Amino acid sequence: MKILVPVKRVVDFNVQIRVKSDGSGVDIAKAKMSMNPFDEIAIEEALRLQEAGKASEVVLVSIGPAQAAETIRTGLSMGADRGILVRSEAPVEPLAVAKILKAVVEEEGPGLIILGKQAIDDDSNQTGQMLAGLLGWAQATFASKLEVDGAYFKVTREIDGGLQTVRLKAPAIVTTDLRLNEPRYASLPNIMKAKKKPIVERAAELYGVDLAPRLEVLRTTEPPGRKAGVKVKDVAELVSRLRNEAGVI
Amino acid sequence: MTTLLLAEHDHASLKDVTTKALTAAAQLGAPVDVLVAGENARGAAEAAAKLSGVAKVLLADAPAYAHDLAEPLAALVRSLAPGYDAFVAPATSRFKNVMPRVAALLDVMQISEIIKVVAPDTFERPIYAGNAIQTVKSRDAKKVITVRSSTFAATGEGGSAPVEAVAAAADPGLSSFVGERVARNNRPELASARVIVSGGRGMRSSANFTKYIEPLADRLGAGVGASRAAVDSGFAPNDWQVGQTGKVVAPELYIAIGISGAIQHLAGMKDSKVIVAINKDADAPIFQVADYGLVADLYEAVPELTEELGKLGR
Ligand SMILES: Cc1cc2nc3c(=O)[nH]c(=O)nc-3n(C[C@H](O)[C@H](O)[C@H](O)COP(=O)(O)OP(=O)(O)OC[C@H]3O[C@@H](n4cnc5c(N)ncnc54)[C@H](O)[C@@H]3O)c2cc1C
Ligand SMILES: Cc1cc2nc3c(=O)[nH]c(=O)nc-3n(C[C@H](O)[C@H](O)[C@H](O)COP(=O)(O)OP(=O)(O)OC[C@H]3O[C@@H](n4cnc5c(N)ncnc54)[C@H](O)[C@@H]3O)c2cc1C
Numbered sequence: 001m002k003i004l005v006p007v008k009r010v011v012d013f014n015v016q017i018r019v020k021s022d023g024s025g026v027d028i029a030k031a032k033m034s035m036n037p038f039d040e041i042a043i044e045e046a047l048r049l050q051e052a053g054k055a056s057e058v059v060l061v062s063i064g065p066a067q068a069a070e071t072i073r074t075g076l077s078m079g080a081d082r083g084i085l086v087r088s089e090a091p092v093e094p095l096a097v098a099k100i101l102k103a104v105v106e107e108e109g110p111g112l113i114i115l116g117k118q119a120i121d122d123d124s125n126q127t128g129q130m131l132a133g134l135l136g137w138a139q140a141t142f143a144s145k146l147e148v149d150g151a152y153f154k155v156t157r158e159i160d161g162g163l164q165t166v167r168l169k170a171p172a173i174v175t176t177d178l179r180l181n182e183p184r185y186a187s188l189p190n191i192m193k194a195k196k197k198p199i200v201e202r203a204a205e206l207y208g209v210d211l212a213p214r215l216e217v218l219r220t221t222e223p224p225g226r227k228a229g230v231k232v233k234d235v236a237e238l239v240s241r242l243r244n245e246a247g248v249i
Numbered sequence: 001m002t003t004l005l006l007a008e009h010d011h012a013s014l015k016d017v018t019t020k021a022l023t024a025a026a027q028l029g030a031p032v033d034v035l036v037a038g039e040n041a042r043g044a045a046e047a048a049a050k051l052s053g054v055a056k057v058l059l060a061d062a063p064a065y066a067h068d069l070a071e072p073l074a075a076l077v078r079s080l081a082p083g084y085d086a087f088v089a090p091a092t093s094r095f096k097n098v099m100p101r102v103a104a105l106l107d108v109m110q111i112s113e114i115i116k117v118v119a120p121d122t123f124e125r126p127i128y129a130g131n132a133i134q135t136v137k138s139r140d141a142k143k144v145i146t147v148r149s150s151t152f153a154a155t156g157e158g159g160s161a162p163v164e165a166v167a168a169a170a171d172p173g174l175s176s177f178v179g180e181r182v183a184r185n186n187r188p189e190l191a192s193a194r195v196i197v198s199g200g201r202g203m204r205s206s207a208n209f210t211k212y213i214e215p216l217a218d219r220l221g222a223g224v225g226a227s228r229a230a231v232d233s234g235f236a237p238n239d240w241q242v243g244q245t246g247k248v249v250a251p252e253l254y255i256a257i258g259i260s261g262a263i264q265h266l267a268g269m270k271d272s273k274v275i276v277a278i279n280k281d282a283d284a285p286i287f288q289v290a291d292y293g294l295v296a297d298l299y300e301a302v303p304e305l306t307e308e309l310g311k312l313g314r
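Protein chains in written order, with our numbering: chain A, 1 to 249; chain B, 1 to 314.
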């Protein structure tokens with residue numbers, strides 16, 4: 001079974017982003033970029049299945065600008081086998097990403113696709129579910145445990161009230177939550193090896209997918225700020241202020 | 001035409017978040033029908049029928065809808081799609097799971113977690129963990145929208161809409177339910193709690209959550225939350241996580257205990273009306289958003305706070 005892992009290049013989770021003052025967007029020109037953390041978890045899970053003899057090959061795919069090749073390379077250093085870069089300079093919405101991924105799936109024929117549950121820049125939380133809808137495949141989002149069970153996958157999901165376990169018919173789509181695993185660091189030998197692993201590059205236009213955005217971003221603004229309040233000297237003052245000043249207890 | 005609101009419920013009753021998402025749905029300006037998909041869910045449907053401004057309640061009552069499986073629910077919504085031009089749902093784990101699938105089946109881009117309806121086709125939504133707010137205009141003929149319910153007021157009762165049964169859609173049979181582990185307690189849910197007490201890595205163990213956080217929460221009738229670090233360390237269950245990738249809450253009072261205030265945590269609670277932080281590190285970033293900060297060892301301050309509140313008769 002081949003596993004496909006879509007990976008996205010995003011602003012590093014440690015970066016405090018700045019909104020441009022003219023409302024045109026977020027200034028990320030000089031920001032440190034990294035792989036979306038949920039996608040590292042997705043790669044880790046795929047590699048564990050491969051190491052357990054449940055998967056033959058782990059293929060990464062990213063849709064983005066030339067620099068997204070670095071993101072793929074990071075995943076190859078973790079141990080994935082090869083990469084596909086679908087070049088697009090303009091940002092691509094989840095629906096179009098899902099349509100491109102569908103075309104990639106038709107070429108590659110994976111038995112399992114593991115995506116991140118959300119990208120930490122756009123926080124859309126859509127791509128995996130959309131891809132599942134387009135392919136007509138089973139889906140399990142927010143996974144905290146994944147087991148291969150013959151022609152099925154058993155997945156435990158993080159839901160609002162706790163945990164839910166579902167059984168999916170293969171082929172299927174799984175999106176990762178934080179507790180699925182702890183991704184490995186790339187070892188030096190693996191970083192060296194990754195330099196020789198293949199990344200094929202294709203233009204997004206080749207897939208014949210309509211990339212025109214459906215959502216027009218009119219403006220991007222800063223949220224209303226919150227000012228630091230007061231430091232209270234002790235519990236008694238805290239209680240008194242909560243009662244008499246804030247009126248919340 | 002008409003807007004279809006998908007109800008969050010536990011079959012017997014309607015969840016609060018539905019009444020908040022209804023407020024957003026009504027702001028689209030069209031009549032609102034409510035879809036209750038569940039098993040033995042007449043109770044929830046009847047509760048929805050009482051909400052002010054609801055035109056009609058559709059009840060899809062079938063075993064396929066007993067367990068929140070995405071595939072049959074998406075198929076149902078798609079089968080109803082010709083009659084509607086907007087589909088609205090609260091951004092709960094159930095609908096985060098199902099709505100993008102619906103959107104893909106309808107070939108539209110979902111608008112995730114809106115915080116404001118600017119116009120029937122224009123919405124505000126947070127990006128980058130709430131550090132920027134995007135105003136987006138949808139060019140799609142049909143809209144698929146999830147609502148961050150913490151930013152909308154609840155719609156009250158006052159209606160008496162008819163409840164109509166609708167047929168289940170063909171179940172694609174792609175997945176099946178195996179089991180669930182859902183905590184049952186008497187605490188309010190995070191999504192609707194008036195007060196939330198949250199603990200972080202500073203709690204050091206799950207026993208300390210029980211010993212320090214829970215008595216304070218009980219005294220205040222509060223829901224209990226946690227940071228990712230506390231959940232990852234096994235001090236608290238996953239569904240307590242507050243933050244960018246957990247639950248987003250906006251209670252009247254949020255008490256953060258032993259939480260440093262990473263941007264991912266702030267994303268989930270900075271819209272709370274009043275924020276209290278208890279942390280022994282005076283430089284912890286949480287104090288930059290706290291209305292009331294107490295620099296103290298939580299193991300002394302929290303029991304004292306619980307006791308003081310007791311003296312007030314709470
Ligand atoms: C600076 C900037 C400006 C932007 N401007 C616009 C704009 O003007 N208009 C607009 O519509 N959008 C804009 N976007 C949004 C951008 O196109 C988003 O990347 C896209 O909408 C995907 O959303 P998401 O990553 O939140 O998806 P999610 O559904 O949250 O992603 C979940 C998972 O899907 C997979 N995935 C997602 N995207 C990719 C990808 N590209 N390649 C491979 N796998 C992927 C990953 O596994 C990821 O973990 C902008 C983004 C940035 C950073
Ligand atoms: C992709 C991604 C998603 C994430 N999503 C989330 C999310 O949704 N929610 C979330 O919370 N985090 C999230 N995080 C993690 C986040 O970056 C922080 O690591 C996390 O919030 C830290 O938790 P904490 O404040 O409990 O721990 P720490 O940062 O370790 O802080 C512990 C605090 O406790 C204080 N303390 C210790 N002992 C005492 C004592 N005796 N008395 C008083 N104070 C004490 C310390 O001074 C310190 O400030 C995410 C990270 C990533 C990469």
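For the record, the hints were derived by calculation from the structure and aren't laboratory data.
Remember, it's a predicted structure, so these values are computed and weren't measured experimentally.
Careful, some of the hints might be misleading.
[What the hints assert, rightly or not] Listed next, the stretches of chain A that the computed footprint assigns to chain B, with coverage defined by at least 3 CB atoms under 8 Å from CB atoms of chain B: (1) 67-73; (2) 140-150; (3) 237-245.
[To be verified] Cross-link-like lysine-lysine pairs, in silico, DSBU-like; alpha carbons within 30 Å at most: (4) A:231 to A:195; (5) A:227 to A:2; (6) B:273 to A:227; (7) A:231 to B:137; (8) A:20 to B:137; (9) A:20 to B:311; (10) A:154 to A:2; (11) B:273 to A:30.
Where is the CB? At the ideal position from N, CA and C, for every residue including glycine.
Unmet hints by their number, sorted upward, for this structure: Violated: hints 1, 4, 5, 7, 9, 11.
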